[in-house]
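Undergrad: First to last, the protein sequences are chains G and F. Read in the working numbering, the first sequence has 57 at position 57, and its numbers run on one by one without any break. Read in the working numbering, the second sequence has 1428 at position 428, and its numbers run on one by one without any break.
Heads up, a few of these hints could be off.
Unchecked claim - Restricting the straight-line Cα-Cα distance to at most 20 Å, the calculated cross-link-like pairs of lysine to aspartate or glutamate (DMTMM-like) are:
{"no.": "1", "chain 1": "F", "residue 1": "1648", "chain 2": "G", "residue 2": "203"}
{"no.": "2", "chain 1": "G", "residue 1": "91", "chain 2": "F", "residue 2": "1309"}
{"no.": "3", "chain 1": "G", "residue 1": "643", "chain 2": "F", "residue 2": "1097"}
{"no.": "4", "chain 1": "F", "residue 1": "1668", "chain 2": "G", "residue 2": "608"}
{"no.": "5", "chain 1": "F", "residue 1": "1324", "chain 2": "F", "residue 2": "1089"}
{"no.": "6", "chain 1": "F", "residue 1": "1084", "chain 2": "F", "residue 2": "1108"}
{"no.": "7", "chain 1": "G", "residue 1": "368", "chain 2": "G", "residue 2": "353"}
{"no.": "8", "chain 1": "F", "residue 1": "1142", "chain 2": "F", "residue 2": "1337"}
{"no.": "9", "chain 1": "F", "residue 1": "1091", "chain 2": "G", "residue 2": "644"}
{"no.": "10", "chain 1": "G", "residue 1": "647", "chain 2": "F", "residue 2": "1097"}
{"no.": "11", "chain 1": "F", "residue 1": "1209", "chain 2": "G", "residue 2": "203"}
{"no.": "12", "chain 1": "F", "residue 1": "1648", "chain 2": "G", "residue 2": "608"}
{"no.": "13", "chain 1": "F", "residue 1": "1643", "chain 2": "G", "residue 2": "224"}
{"no.": "14", "chain 1": "F", "residue 1": "1573", "chain 2": "F", "residue 2": "1600"}
{"no.": "15", "chain 1": "G", "residue 1": "344", "chain 2": "G", "residue 2": "644"}
FYI, nobody ran anything at the bench for these hints, they're computed from the structure.
Here is how the chains run, residue by residue.
Number of protein chains: 2
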Amino acid sequence: MGYTDLDWLAINAIRLLAVDATFAANSGHPGAPMGMAPVAHVLFNRILKYNPKNSKWVNRDRFVLSNGHACMLQYALLHVAGYKISMDDIKAFRTVDSITPGHPEAHDTDGIEVTTGPLGQGFANAVGLAIANHHAAGVFNKPGFELFNNYTYCFLGDGCMMEGVASEAASLAGHLQLGSLIAIWDDNHISIDGDTNCAFTEDVALRFKAYGWHIEVVADGDNDLDGIEAAIKKCQAVHDKPSLIKLRTTIGFGSKLQGTGGVHGAPLKADDIKQVKEKFGFDSAKTFVVPQEVYDMYNKHGAEGAAQEQEWNQLLSKYSGSHKAEAEDLKVRLSGDLPEGWEKNLPTYSPSDPAVASRKLSEIVLQKIHQAIPSLVGGSADLTGSNLTRWKDAVDFQPPSLGLGDWTGRYIRYGVREHAMGAIMNGLAAYGTVIPYAGTFLNFVSYAAGAVRLSALSQVRVIWVATHDSIGLGEDGPTHQPIETLAHFRALPNCMVWRPADGNETSAAYYVALTSKHTPSIIALSRQNLPHLETSTIERASKGAYVVHEAEKADITLVSTGSEVGICIDAVKYLKEKHNLAARVVSVPCFEVFDAQPKEYRLSVLPDGIPSLSVEVMSTMGWERYTHEQFGLNRFGASGAYKDVYKKFEFTPEGISKRAVATVEFYKDVPNIRSPINRAFQQLI
Amino acid sequence: MGYTDLDWLAINAIRLLAVDATFAANSGHPGAPMGMAPVAHVLFNRILKYNPKNSKWVNRDRFVLSNGHACMLQYALLHVAGYKISMDDIKAFRTVDSITPGHPEAHDTDGIEVTTGPLGQGFANAVGLAIANHHAAGVFNKPGFELFNNYTYCFLGDGCMMEGVASEAASLAGHLQLGSLIAIWDDNHISIDGDTNCAFTEDVALRFKAYGWHIEVVADGDNDLDGIEAAIKKCQAVHDKPSLIKLRTTIGFGSKLQGTGGVHGAPLKADDIKQVKEKFGFDSAKTFVVPQEVYDMYNKHGAEGAAQEQEWNQLLSKYSGSHKAEAEDLKVRLSGDLPEGWEKNLPTYSPSDPAVASRKLSEIVLQKIHQAIPSLVGGSADLTGSNLTRWKDAVDFQPPSLGLGDWTGRYIRYGVREHAMGAIMNGLAAYGTVIPYAGTFLNFVSYAAGAVRLSALSQVRVIWVATHDSIGLGEDGPTHQPIETLAHFRALPNCMVWRPADGNETSAAYYVALTSKHTPSIIALSRQNLPHLETSTIERASKGAYVVHEAEKADITLVSTGSEVGICIDAVKYLKEKHNLAARVVSVPCFEVFDAQPKEYRLSVLPDGIPSLSVEVMSTMGWERYTHEQFGLNRFGASGAYKDVYKKFEFTPEGISKRAVATVEFYKDVPNIRSPINRAFQQLI
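Model the full assembly from the supplied sequences, consistent with the hints where possible.
TA: Below, the structure is given as structure tokens:
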């Protein structure tokens, strides 16, 4: 309240930074920044709790720009507020190697919490951040020690509102009663195709009410700063529901094209810029102008945040005395490291142990490590009993009023919402106190492809427990049997795809996934039982690939993953007995990790001089990188008992041997067979 | 109304078929079939208009089982109703090569409209079927000739309700006022994780009201057959809104475990089966029993349907007299063929034509062919101006009351709903009178991965206009620049991924996509301008790959796609001038189509004796299948002007040449270089 001309000066300066930067870049989105500058100013100058000098303070309020194309708004705010974004950075908007790319990227730019732009993702990230906040409060807050009480604010546009991932996340947020989440919907009636009336006529506020949200409406988001502030404060006071503010704004406010699609995704024309600057009382001859008094008023708010952090640090200091174990736990979490010695809990196996499905082996890992890693927070997209993602006696993360769990709970019932689950995990990981994992069938990780991509791009530690990983799931049939899925995610940069073959490899997958702070992992796990290999160890499997079975003067190397490694071992005998051929067997639980090994090691696993054959019951795509010939499934699977399905497609010792014999024959006259590990040149990284 | 014991006999017989089949398969889902048998019986025996002897009659009512795991319900109904599903087929449930797989597959099984199981898809398919119905009625119905007046009924469960794809589709269906769509929600309160209370407490009916749906509630779906029928009839009478029936049922009705998760996804135990059969008055010693009077009552309804079809055929016959052009158009559409000579409208180009972005070339194709192919129905996920998917003067498909278009409109404003758009296109294609295409950025086709997968599996002709296909989109940056996307969809069986290099190749992509009746296509198109190649023709490009530039005694073959082909052409000169190397250039607009060519042709394009280098600005995964070395981008892109981004990553004549030189060097001592086209054995198809 008590807004003055100085506030409008700040608002217009922020608007004009977006105008100037998009004009200079000849690219970008001025419309949403100009329309949302008032609410952004109220939020960043009056409401949001942050210390611009330490953007990582864990109890800061989180801000997510789900309509990431409006990022010049965010860059302008961060700049004015004193984060590490200089005016030169603003001027470098959308140029190669700048920290101000076309959409906000969390790993590069100070003050950006999550990477947004693909619509709907940021909103679901915000739900994740709010879950993490409620969880941290549940775990760490004690009487007299409210260590965690931040809010999560999220801006979103009509595009985000239409995306299914946001609907899923909104439904779950309502169920979970996430009172610390406040979403502000830029209800500007414009999307790229024009007036939203052409495709989007639902009653959004009523829909969110149906999800269990609290609703506020601000009718004049262009002018009513008091109304904006009052609405946010009302939402802050609602503790048992997430809140949505329906904020009516004018896209491109000030432009000659305001209120139209013309101002959404293209810079303003020169003459339009001139009149906007004059209208706002700025010198139209100047660009990239922020008056000193605007910096000053933001510095004042930033200094308040710095003082709040200092107070908080003192509180934490006291807490360390009275709640030593919790404080120590928190410290470890915030470092991103894992508690010392946790890895001793990883189970190991020997060949005499009974055959077990790798989804079950995964369950055993979770059962054994969850006490050692208190930051581990699991869940499933309504497949708990199939994914085996819930350790015994786990407490569900639920609002206490439902009587089904509490805020300390470490198991999230995501519902059948794979895409939101992926995006929520990105938010959980970004918060800083939690390592998220969650389960679904491997085939349905594809539903979440948009979120997985952002896990990889934004470099967060997120783990997918992807069970039922092949035609080996059997009766559910082709609709549920992945063919293309591993190739898809193996082609995604900075994403580890694991397909362990036995118990030690499953432990290795978790070991590497949990210790890789900046890389997401997908662990593909079988429904069917798998025997334990003779030579597997956590250490060997942690190299991404290793020799499972060595042979003197081998005729061929069989290269495989997961459930097919054991069948390859059986094929070795078959090849010896029926064809007098000596075969080596290599297991490749993870391409990405193997690629990172020294070339010498890689060549020892896949050496020159021997032809190789890959064996994996799905698309052969990508295997040409490691092997000379490929046995796979470049078609859809079949519904039936898993052994019948494997037999149909000849994934048997006999079927493998047939192709191994053909491979040996095909290469018999080739001198100096070169391992595919050898390459003419290095790839750019 | 007037239901008798015979109806209950039928209902219980259907329930017990599901019980017996899941028990025999030792796998499957008896719960939903047992709970939904009453509504299914009312629908299939009283309401649904169909001729079981001709499951393709175009004005039949459509039935979609979105909760596809309940497929034994559908198989049982189709069997009892007289479709081509025998009792032996029922007994073969979930066995290899049966027509009764674990989830319903449209391409294999008589009477299955769309392939379902992955949750939410069927519901969105149903929206597509209803759109196609409204469109067909708009186009073909004339005074006195109501050729199209079918309804689309869809069963869906709580799982479907939670999926974002269903939310997107529901919002669009409400906007479009699809009065012929009636969805029946099996509100049984149980999903795999137990009571839906653990994750799904929203007010679904209120949410659908917010979307603009009509709502009916049936409180006792287990017993109240009159109430079910009355609710459906009320929905039928609502013509300006889609309808949702909230049907409260008991999952696994009759089982000792009824109303619990225990009956959802596993067969009943033997003793439970015994008591169920006794409770229902069946002989517990017998299995797979359908009393003759049940067949008889269904035959009666089927005969009514056959008579309705006969009447309809007579109507069509009259219509052919008075509306000759329309009748001819309809006949062609139903054949799946395209109107004769349509392909003469495809534009062709010569090298002297100005460079044009391939998204623009795509627009020109659509502009030129839309009159010749009246069944073509386009759209975009709110990127019309970027995808260039809308021909000039196109009419939007909209409910007339909005004043934005009408039911004859051939352009759908999908909103920012990529996943629903994909699934809706599957429904549109399945209806039989429409060939759907739609646009988004290539990167966001991934949002729809679940639907694209089902396009491929169910063998429907659906075309994605996927613009902004690489780092060449420039400033939007890594969040929008596909890296893994082409590899992902190239690994998907029965999916054509096109990346045309110029105008003739773009026409070829459309030619093959439109004439491939049983395969979906993704056409990846550039934002930046591309020159026209010297030797491209529609015919040559239609082979999937061809030699763009031949060279005597070539030192290397450069193999490329899309926007990089032109740069490879420039690299040829560079290699000659700076390194005295002769390079051939091959364009590969489509892997899948190239793979289908005779080996002799493939070897003429990629011959033995010459090393090859692929050049494509995204993941190299998959290229090892065609080339010896690969130049690509196995990392995320960058935000900046497209030429700067290409330069950063060295996709320039110089950068390509550097790698070509390394490749030639690497292969100089290899005798008899073998083309990767040569393989030791054939892949299973």
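Undergrad: For every hint, state whether the structure bears it out.
TA: Hint-by-hint comparison with the structure:
A distance of roughly 46 Å separates the Cα atoms of residue 1648 of chain F and residue 203 of chain G; the hinted pair therefore is violated under the 20 Å criterion. Taken as a hint, the residue 91 of chain G and residue 1309 of chain F pair is broken in the structure, with Cα atoms around 68 Å apart against an allowance of 20 Å. Only pairs whose Cα atoms come within 20 Å are accepted, and residue 643 of chain G paired with residue 1097 of chain F is accepted, the gap being roughly 14 Å. At most 20 Å may separate the alpha-carbon atoms for a hinted pair to count; residue 1668 of chain F and residue 608 of chain G meet this at roughly 17 Å.
Between residue 1324 of chain F and residue 1089 of chain F, the direct Cα distance comes to roughly 43 Å. Violation of the 20 Å bound is thereby established for this hinted pair. For the hint linking residue 1084 of chain F to residue 1108 of chain F, the alpha-carbon distance of about 11 Å falls within 20 Å, and the restraint holds. As the CA atoms of residue 368 of chain G and residue 353 of chain G are separated by approximately 17 Å, the hinted pair is consistent with the 20 Å bound. The suggested pairing of residue 1142 of chain F with residue 1337 of chain F is violated, with an alpha-carbon distance near 24 Å, which exceeds 20 Å.
Taking the CA atoms of residue 1091 of chain F and residue 644 of chain G, the gap is about 17 Å. The hint holds against a cut of 20 Å. Restraint check: the Cα-Cα separation between residue 647 of chain G and residue 1097 of chain F comes to about 12 Å, which is no more than 20 Å; the hinted pair holds. Between residue 1209 of chain F and residue 203 of chain G the alpha-carbon distance is near 8 Å, which keeps this suggested pair within the 20 Å criterion. Pair hint residue 1648 of chain F plus residue 608 of chain G does not hold up; C-alpha atoms about 34 Å apart against a cutoff of 20 Å.
Straight-line distance between C-alpha atoms of residue 1643 of chain F and residue 224 of chain G comes to about 44 Å, which puts the hinted pair past the 20 Å bound. Taken as a hint, the residue 1573 of chain F and residue 1600 of chain F pair is broken in the structure, with Cα atoms around 29 Å apart against an allowance of 20 Å. Annotation: proposed proximity of residue 344 of chain G to residue 644 of chain G is violated, straight-line Cα distance about 39 Å (limit 20 Å).
Hints 1, 2, 5, 8, 12, 13, 14 and 15 from the list above are not met by this structure, while the remaining hints are.
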